[in-house]
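A.B. asks: In order, the protein sequences belong to chains U and B. Just so we're aligned: 57 in our numbering is position 57 of the first sequence, and the numbers increase by one with no gaps anywhere. Throughout, our numbering is defined as the position within the second sequence, counted from one, plus 110.
Calculated pairs, EDC-like style, for lysine to aspartate or glutamate (alpha carbon to alpha carbon, straight line, at most 16 angstroms):
#, chain 1, residue 1, chain 2, residue 2
1, U, LYS97, U, ASP31
2, U, LYS97, B, GLU211
3, B, LYS212, U, ASP31
4, B, LYS123, B, GLU192
5, B, LYS123, B, ASP195
6, U, LYS69, U, ASP31
Everything labelled a hint here was simulated from the structure, so no lab data went into it.
In case you want the letters, here they are:
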Amino acid sequence: LAKTTQPISMDSYEGQEVNITCSHNNIATNDYITWYQQFPSQGPRFIIQGYKTKVTNEVASLFIPADRKSSTLSLPRVSLSDTAVYYCLVGDMGDDKIIFGKGTRLHILP
Amino acid sequence: KAGVTQTPRYLIKTRGQQVTLSCSPISGHRSVSWYQQTPGQGLQFLFEYFSETQRNKGNFPGRFSGRQFSNSRSEMNVSTLELGDSALYLCASSRGSATNEKLFFGSGTQLSVL
Numbered sequence: 001l002a003k004t005t006q007p008i009s010m011d012s013y014e015g016q017e018v019n020i021t022c023s024h025n026n027i028a029t030n031d032y033i034t035w036y037q038q039f040p041s042q043g044p045r046f047i048i049q050g051y052k053t054k055v056t057n058e059v060a061s062l063f064i065p066a067d068r069k070s071s072t073l074s075l076p077r078v079s080l081s082d083t084a085v086y087y088c089l090v091g092d093m094g095d096d097k098i099i100f101g102k103g104t105r106l107h108i109l110p
Numbered sequence: 111k112a113g114v115t116q117t118p119r120y121l122i123k124t125r126g127q128q129v130t131l132s133c134s135p136i137s138g139h140r141s142v143s144w145y146q147q148t149p150g151q152g153l154q155f156l157f158e159y160f161s162e163t164q165r166n167k168g169n170f171p172g173r174f175s176g177r178q179f180s181n182s183r184s185e186m187n188v189s190t191l192e193l194g195d196s197a198l199y200l201c202a203s204s205r206g207s208a209t210n211e212k213l214f215f216g217s218g219t220q221l222s223v224l
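Excised from the complex, chain B in its bound form (with noise of 0.2 angstroms):
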């Protein structure tokens, strides 16, 4: 079975720029959510979709948004870039809700801004 997919592996943006992320969950699993990674922050939740609809957020600014396509493959889109967005950007996708599921992640995103 394969596991979950993410792309690009690496990025570099400047500031002021947008950047979109795809992530691509194990067949038949209809959740993905998204995780930033930070050397300082750790790794903080961004938000879930289950079934194309956004489950629940944390706390990051209206910047960061995703969505999910009906094949349960998500995008995650941020825009006007800041230096602070360099980061690990982790999605996970499970069977049923990502708070009680095992989590299944990708290898993430290293986005840098310069």
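Same shape as in the complex, but just chain U (with noise of 0.2 angstroms):
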């Protein structure tokens, strides 16, 4: 059973803001949300991490309801070194395994 669900494939345009939405009915308590971006060959690169209600970094945004059953990172004014998977991972949900779902790949055009 998957524990968090993305979106597989999204398109965007430079300059635009990006919204990536993931969901995580079985968040735990203590669990934390992460996301990472990965380029191809490369290692995930880690881009923000948020418990509750907004956070902001250099980067990105990311939102998270006061159920935390979903989250969602906002990329504003991408580009296209921003054309990469996207993955959320979120703490470990009790059982101590680190679970990254398939990801989103975000393919961004000129």
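Got two chains here, each in a separate frame; can you build the complex from them with the hints?
C.D. replies: If you want it as structure tokens, here you go:
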């Protein structure tokens, strides 16, 4: 049973804001939500992490509703270099295993 | 601060052989976790070592093993290689337990089994 669900792929255009939503219905009380970006043949790179409400850093924002059963990664004004796979990772949901979902393949068009 | 270093970057082996991959974490990080990434299965968790002890393990056969040294460096071993073991093997380090900490990944070892 998948722990997180994300869209398989998304397309957007340069300069647009992109929002990627992740569903995690079984999130545990002490689980944090973390997003990673991965380019081909490289390891994933940390983007942002949050527990509740909103978190913002220099590259993205993370919105988490009160029930924490989903989260949305927001990338402002994307560029071609943002074309990558984005993974949402949610703690371990109580079983000590780290499970990356299938990720969202984001394709930015000129 | 130096990042996570994985060696070798590329490796070619034949079926039945064994292989050892190395991972040097960021200084001060005590946890090293390992992942296998293939086009078909995506990014799958192998195991995590924390302070020289295996903390948790994914659903892989016993041919996949690992260890962690007192300086937090970690090695992963795969014995009796199979064609299906061809993959990108990634390690990540974190200050505390990998399950809720930021993970810092290396560039991976691309293993090809012929």
